[in-house]
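S.K.: The lines below spell out each chain.
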Amino acid sequence: MLIREGSQHYYQAKSGTDAQSVRHMQTAQDFEALVDKLRAIMLEKVKFIEKTA
Amino acid sequence: MEMIRGSDSSLGQGEGLATLIKDTLLETAECEKIVADASESDLQASTDLDEIIRENFLRKTRNRLHYKVLEYVWKCVQVLIGDHRSCLSEEDLVAMLRLLDGLSWDNATPYDEARTLPHFKPDFTAVLLEICDQTDNVRIIKLVATVLSNAPGARARPSVEALGLAGAEQLNRVLVKFAVFAEAGDQLLQAASKQGGQDLKKILDQVKKSFNLRLHLEPDRPQRKPKKEQESTEALDSEKEGSIEDESVETNSGHDVLADCMQAQQASTSASGSDGSDKAKQKQARASSKIEIRFESGIDSFLQEQTQAILDAKKKDGQDAKMEIDEGNAKEDEEHKVKLRDIAEKIFEQKFEEKYQEEVKTAATGSTPKTLAKFKTMYADYVKDSISFIEANLIYSKFISDDSSFWLAVECSIQCQKRLIQKLDHFNSRRDERPPGARSVAPISRVFCDRVQNFVTQKLARNCITLVSSSSTAAESELPRYISSCVAQLQVLKQYLRKVKDAEAGPGLASSRVLQELVVKSVGDAKPFLLDVLNQISSIDVVNENGEAVLKFDSSQEDAD
Chain C
1 MLIREGSQHY
11 YQAKSGTDAQ
21 SVRHMQTAQD
31 FEALVDKLRA
41 IMLEKVKFIE
51 KTA
Chain G
1001 MEMIRGSDSS
1011 LGQGEGLATL
1021 IKDTLLETAE
1031 CEKIVADASE
1041 SDLQASTDLD
1051 EIIRENFLRK
1061 TRNRLHYKVL
1071 EYVWKCVQVL
1081 IGDHRSCLSE
1091 EDLVAMLRLL
1101 DGLSWDNATP
1111 YDEARTLPHF
1121 KPDFTAVLLE
1131 ICDQTDNVRI
1141 IKLVATVLSN
1151 APGARARPSV
1161 EALGLAGAEQ
1171 LNRVLVKFAV
1181 FAEAGDQLLQ
1191 AASKQGGQDL
1201 KKILDQVKKS
1211 FNLRLHLEPD
1221 RPQRKPKKEQ
1231 ESTEALDSEK
1241 EGSIEDESVE
1251 TNSGHDVLAD
1261 CMQAQQASTS
1271 ASGSDGSDKA
1281 KQKQARASSK
1291 IEIRFESGID
1301 SFLQEQTQAI
1311 LDAKKKDGQD
1321 AKMEIDEGNA
1331 KEDEEHKVKL
1341 RDIAEKIFEQ
1351 KFEEKYQEEV
1361 KTAATGSTPK
1371 TLAKFKTMYA
1381 DYVKDSISFI
1391 EANLIYSKFI
1401 SDDSSFWLAV
1411 ECSIQCQKRL
1421 IQKLDHFNSR
1431 RDERPPGARS
1441 VAPISRVFCD
1451 RVQNFVTQKL
1461 ARNCITLVSS
1471 SSTAAESELP
1481 RYISSCVAQL
1491 QVLKQYLRKV
1501 KDAEAGPGLA
1511 SSRVLQELVV
1521 KSVGDAKPFL
1531 LDVLNQISSI
1541 DVVNENGEAV
1551 LKFDSSQEDA
1561 D
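Line by line, the protein sequences are chains C and G. 1 is the number of the first residue of the first sequence in our numbering; add one for each residue after it. 1001 is the number of the first residue of the second sequence in our numbering; add one for each residue after it.
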């Protein structure tokens, strides 16, 4: 989500089939996966803090 | 924290965070392949794996993303390292530090650090210092130095006062480590330069064979100095004299450039190449009260012996304290990892006892005995500095074993130099500010400050010249390494020159003098290359006006840090 909103080239790349577009989409997906994981970990931390507070 | 480690599948990805960062985002395996093929490729100049990963990340990934995403990742990685470093393996930590490194460089100006990222939190800086303090892994030391020196803001360069006593001591240990590695790189480059990069194995053998650690264990000379000053001066004297001595490698006398600046340095090392070297060494040894630690049987067997001795001592202590030790505890004792710092402490204690054995024996006669406990109380800072110094030397000498470790040590040295330059303000400000008689929060002494200052003014340019000269004679397969190191070294030099811009006359004049030598006297092909690169990568211009080198700074750029 963050990547889609943030990347100005995203929609352009989404419809493209050239190497640059493919690479761009791949990067966006990788970072989405990263950000998802980070968010999950941070949420877990927040829950833990709330529980122990 | 399985999610970080990699066994997590709850997110449906089948891989953990560290694995994702390492394999997918940083493409570590691909970059390792590039390094392996570097000698065959004309396109890839560098062989520094961390640098290749960073460049790959900047080129392929970083500029495709919104800065807010990067900022989020930048902050999260800090939280993960800060809160969960105990869950991270060394490999995971390296991957996370590489990601931080990649994020902290501005892809628009690849020779400058990013300015848009939020500053480190003070706690995270403290965590990085702690990691660097506790590790024996040279790659991690290098990456921490890189990340800290590239991080924006003063929080990455905290004052000792801001860290508190424990933090300040840790900072000092890390700085001593950086200083040892910074100078070790200089030694290695000189050695490589002499051999023309032809036979690194031979150089390594020589460096390892000639590695001696020299300690000076007399901080209380009879001069009537204020106690604190005396203590700190001696502490760093010991470091200076105890620096790694590569006896088999003489300073390259063909370098007329910097001859004046390097005179003192040459006096201490060039004797080894001449006929009268033995006499000079004997004279030196007689004149000083230094204690040498020789690793005649090799550093690895020396460390094994020391480790075993410490384990035996611990076991024995345990038996004395408790008559019965259950098997589980004994096993735990055996498995307890002895750190190099424990060995460093043991070496210090051993050498102290050897030196003052007689005085300790005659303590009953009324003279003041130099017992270790008393010595430690009186000269706590000196002892800590010395132990850190021994530890850093052990790490370094243990690490150097083959070609790749040789070059990683050189790369680490360059990053440590960069970090030390970042701390120059701190060194300079501490030189004169301490009120007489006041106890300093940190034991970093004036001599240490002078030593770092001296190192950067004299050796940075010399290292550049060495690298440039070496690259002209290096074997083709080694050329990318020399070029890569040379560029990194020039970046350090550039950073230093930017520091000099606003500094007081002392270091500024010294640097001008060094650069004057570079401009006026030519050393093979080095001069034009250095000047060209300096002009290209920095806002600093060096011009020759009536035979005098003049530094011209472009005040409109960059320094709004």
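Hints are not guaranteed to be accurate.
[As the list claims (entries may be wrong)] Straight-line Cα separation of at most 27 angstroms, DSSO-like style, residue types lysine-lysine; simulated pairs:
no.	chain 1	residue 1	chain 2	residue 2
1	C	47	G	1121
2	C	45	G	1121
3	G	1346	C	47
4	G	1068	C	45
5	C	45	G	1314
6	G	1068	C	47
FYI, nobody ran anything at the bench for these hints, they're computed from the structure.
S.K.: Hint by hint, note whether the structure agrees.
M.R.: Here is what the structure says about each hint:
A threshold of 27 angstroms between alpha carbons decides the hint, and for residue 47 of chain C with residue 1121 of chain G the separation of about 22 angstroms falls inside it, so the pair holds. As the CA atoms of residue 45 of chain C and residue 1121 of chain G are separated by approximately 18 angstroms, the hinted pair is consistent with the 27 angstroms bound. With a C-alpha separation of about 46 angstroms, the suggested pairing of residue 1346 of chain G with residue 47 of chain C is violated against the 27 angstroms cut-off. At most 27 angstroms may separate the alpha-carbon atoms for a hinted pair to count; residue 1068 of chain G and residue 45 of chain C meet this at roughly 21 angstroms.
This hinted pair does not check out: residue 45 of chain C and residue 1314 of chain G have alpha carbons roughly 39 angstroms apart, beyond 27 angstroms. At most 27 angstroms may separate the alpha-carbon atoms for a hinted pair to count; residue 1068 of chain G and residue 47 of chain C meet this at roughly 24 angstroms.
Checked against the numbered hints above, the structure breaks hints 3, 5 and satisfies the rest.
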